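Visitor: One-letter residues, chain by chain:
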Amino acid sequence: MRILTIDTSAVASAAVLDFDPQDLARTARVVANFATKDTRSHAEVLAPGVKSLFTDPVTEGPALDAIIVGTGPGPFTGLRSGITVARTLAFTWGVKLYGMMSLDALAQQVFDTPRYVDGRAVAPLAMADFVVATDARRQEVYWAKYSASAALIDGPHVGPAADILPVQVFGAGAGIYAQQLAAGGCVVEASFSQEQPTALELGRAAMRKIAAAGSLEGAGFLDSTPLYMRESDAKVPGPRKRAL
Amino acid sequence: MNQSNPLILGIESSCDETGVGLVRGTTLLTNTVSSSMEEHVRFGGVIPEIASRAHLDAFVPTLQQALSDAGVTLADVDAIAVTSGPGLAGALMVGVSAAKALALATGKPLYAINHLVAHVGVGLLDESIAAVYQGGQLPEKLGALLVSGGHTEILRVRSLASDVELLGATIDDAAGEAFDKVARLLGLNYPGGPAIDRLAREGNAKAIRFPRGLTMPKYMGTAEAPGPHRYDFSFSGLKTAVARCVEGYEARGEAVPVADVAASFQEAVLDVITAKAVLACKEQGITTLLLGGGVAANSRLRELAQQRCLAAGITLLVPKLSLCTDNGAMVAALGAQLVMNGVAPSDLAFAPDSSMPVTSISL
Ligand SMILES: [Zn+2]
Numbered sequence: 001m002r003i004l005t006i007d008t009s010a011v012a013s014a015a016v017l018d019f020d021p022q023d024l025a026r027t028a029r030v031v032a033n034f035a036t037k038d039t040r041s042h043a044e045v046l047a048p049g050v051k052s053l054f055t056d057p058v059t060e061g062p063a064l065d066a067i068i069v070g071t072g073p074g075p076f077t078g079l080r081s082g083i084t085v086a087r088t089l090a091f092t093w094g095v096k097l098y099g100m101m102s103l104d105a106l107a108q109q110v111f112d113t114p115r116y117v118d119g120r121a122v123a124p125l126a127m128a129d130f131v132v133a134t135d136a137r138r139q140e141v142y143w144a145k146y147s148a149s150a151a152l153i154d155g156p157h158v159g160p161a162a163d164i165l166p167v168q169v170f171g172a173g174a175g176i177y178a179q180q181l182a183a184g185g186c187v188v189e190a191s192f193s194q195e196q197p198t199a200l201e202l203g204r205a206a207m208r209k210i211a212a213a214g215s216l217e218g219a220g221f222l223d224s225t226p227l228y229m230r231e232s233d234a235k236v237p238g239p240r241k242r243a244l
Numbered sequence: 001m002n003q004s005n006p007l008i009l010g011i012e013s014s015c016d017e018t019g020v021g022l023v024r025g026t027t028l029l030t031n032t033v034s035s036s037m038e039e040h041v042r043f044g045g046v047i048p049e050i051a052s053r054a055h056l057d058a059f060v061p062t063l064q065q066a067l068s069d070a071g072v073t074l075a076d077v078d079a080i081a082v083t084s085g086p087g088l089a090g091a092l093m094v095g096v097s098a099a100k101a102l103a104l105a106t107g108k109p110l111y112a113i114n115h116l117v118a119h120v121g122v123g124l125l126d127e128s129i130a131a132v133y134q135g136g137q138l139p140e141k142l143g144a145l146l147v148s149g150g151h152t153e154i155l156r157v158r159s160l161a162s163d164v165e166l167l168g169a170t171i172d173d174a175a176g177e178a179f180d181k182v183a184r185l186l187g188l189n190y191p192g193g194p195a196i197d198r199l200a201r202e203g204n205a206k207a208i209r210f211p212r213g214l215t216m217p218k219y220m221g222t223a224e225a226p227g228p229h230r231y232d233f234s235f236s237g238l239k240t241a242v243a244r245c246v247e248g249y250e251a252r253g254e255a256v257p258v259a260d261v262a263a264s265f266q267e268a269v270l271d272v273i274t275a276k277a278v279l280a281c282k283e284q285g286i287t288t289l290l291l292g293g294g295v296a297a298n299s300r301l302r303e304l305a306q307q308r309c310l311a312a313g314i315t316l317l318v319p320k321l322s323l324c325t326d327n328g329a330m331v332a333a334l335g336a337q338l339v340m341n342g343v344a345p346s347d348l349a350f351a352p353d354s355s356m357p358v359t360s361i362s363l
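Chains A and B supply the protein sequences, listed in that same order.
Mapping to UniProt numbering: the first sequence position 96 is 96, numbers consecutive.
Mapping to UniProt numbering: the second sequence position 148 is 148, numbers consecutive.
So here's chain B without its partners, still in its complex pose:
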């Protein structure tokens, strides 16, 4: 196997995108994604069984497309990498089963990879930020803020291949999930993120003061004596507050000022997310913060994160959006790091783990 510049095929199926990516070392060859998003629209959120059914039918065509786009054959591939968690159990099962079959049919080594860490590894593939990574290396003192419909986390990344730590995470809904639920309350379409982002631009973010979850002193504590949820998030209370607010307008027979509600809600989510991420960076000596996950598409999140990072002297890295959303290239990118660092491949008998912790970078 080429260990210095390996060709890795990455497979992702943890939520509603079936992704197959090909990466050579830190060079992106192709990033093919088939999404079942359309099928979830009428339900207002991802339905795990529908996502799993779609993965089954999308996998081989997506694989075929990726190989042909990259102009490589399976014989050229040095190793296969697959998301083994965290994610939806039934969805993970499809990608994992396919990856195992591919590994056994080709005799190639297989890496069972952590989806969250892969969101960080993908930064190595973006030429515009690779310069900051100095020749395929991650900067020192790196943190990551991951925000999507499935997760909301702050990570510390000492080494992609061997040392990642969870600093904070949502204790209930993911941020993207809160966007979807509030969008539904406001009569907007799924996915809620883009709809709210658009509407919020017309609204006043200060019109309604919605609660900021887990920001009270009893949760925060101090830098010296941190409270139980200093870097954690909670969005279910916020969602309830928005529902009460909307019901209030209706009960009074008033028109709901949807743009103001959207803007104020969005501000409440993003204010906490960026404030806590920057706080964690400052207190933990993190000087570079990488943004990942589908909510990185949100214009206000980028703006607020940029502002606050700049003020705190933190370098913010935002990979291009196609690399921020769930995809196979990010899995391949992390797989390549593991191969280049001499990490042993996974045993073919590994089990997908829907709640795989970030400390477990591969199985």
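With the rest of the complex left out, here is chain A:
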């Protein structure tokens, strides 16, 4: 099975992964991967980045089994550029499109990262339920709570970091509000306090879902509706003030 994943909930990223759902451990491989560092140039860089994953996108695209797009939460403009690209590619190539919550990518990465002591992996980074958080701007974070095996327990939410009750917190959102989180009894993993969701980790999480379900259809993916979590700021204007 070959999938293209796209995530623009923070950085602009895309990846192609190939695997046999019956034997994930032995067959899973990253065919190609693209990710930016910056979080503000999605409309420029994403399409060239996706193009770079293929030798010939015109023939290889239609042969994909699925496109999976991160549906956020994340800053709206960037998020939309990834979902627009994913929807347009899926339509043009005639490939199935699924959505996945972007914070799942970070949770997958936490799950895959061991804790090192003296250069030796001694334990998983998260031993119990944990939270991943990204920057929601306006003094808030997008966050969700996962089990130690990276299964979603609660979320996604948007709100001040202070809303997060004492757990281990991972991700760029934790890095920004490390002091507030610590004050609330949370533990911020310094080695993981700048990480952002990426298409590569989203793809790894997707592969795990597909392998566990035995099929794409049964894997419990979302559709590609963006998880905005906030209304537009628009206010219906009140009645005009009269002069008398």
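Note that these hints are calculated values from the structure, not bench results.
Keep in mind the model is a prediction, meaning the values are calculated, not measured.
Note that the Cβ used here is the ideal one computed from N, Cα and C, for glycine as well.
One or more of the hints may lead you astray.
As the list claims (entries may be wrong) - Listed below are several chain B residues computed to face chain A (Cβ distance under 8 Å; list not exhaustive):
id, residue
1, PHE59
2, VAL60
3, VAL96
4, THR106
With chain A held as given, fit chain B with the ligand onto it using these hints.
Guide: Relative to the frame of chain A, chain B with the ligand by itself:
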């Protein structure tokens, strides 16, 4: 690629319409538009975030509809054209991202196109005025007057593909925006243009003398020594004057003569617009003026422009309204001109530019 009569797919998302048009050379195949206007009504104006959300959901269905209406497939298309500016940044991003994905998925060349110049190029698609364009060519000495909720400009068009110049523009609100704001002052619904146009027919345009922005000698100068804003517009002072006027009636406990206010306001806007456009034409040797933008729907604008152009010996061209408002066909029409003139396509890495100047016809 068919370079003499190319099939172009055009994408427009600079404001609140999601447009996909298909054009072969100068022949319009289809012009499919999905508008989020209804969603903006209760806010009294276009809300950029709401427009962007609507573009995201409208794009693929609009594309599908356009292809099926025209009876063509993506494989038939020679090139893709997309509005890259000017316009609302978040709205532009959606159309640009979609167009890039379409180009990469199909391997077709992509043209990042100037929205304002596309408003001029659309004239080539209207059979009723194409005759004036003599076989798919623009007339010599062409100017354009673009009036909409997002822009108000006078352009000189020497060549659609390579030489367009901005002669004048609004320095604050767009004319259509002034209509929306004044409509709200008068308790009329959004969009304000049609509401004011209708009401103004019952009113006296000379009842109240509202200010004509940037018409004082210090701004105008003379033909030989032009002032700093000879061909420019300003509507924010006018909007304030209307507000003061309405408040005046209220303070005196009098009923606001809404029809007279609407008519007088409309006249103030359109008087300046048409007077300056005709002045620019006369002084710049422009003999044909093309009208574009949504405000071209305004009956008084058409009437006044026709009158004044006729008096000055200028030929006025008004494409049909569905081509004047923002749409994908106009983007495709300009794209076709670029292909036919051998202009190189854009790099896939281009950035949308919300304030793209008219001198930049494509990126
Ligand atoms: Zn326009």
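Visitor: All hints are to be evaluated individually against the structure, with a verdict given for each.
Guide: Structure-based check of all given hints:
1. PHE59: holds (6 Å)
2. VAL60: Hint on B/VAL60: holds, closest Cβ of chain A at ~5 Å, below 8 Å.
3. VAL96: holds (5 Å)
4. THR106: Holds. Min distance 6 Å.
In terms of the numbered hints stated before, the structure departs from none.
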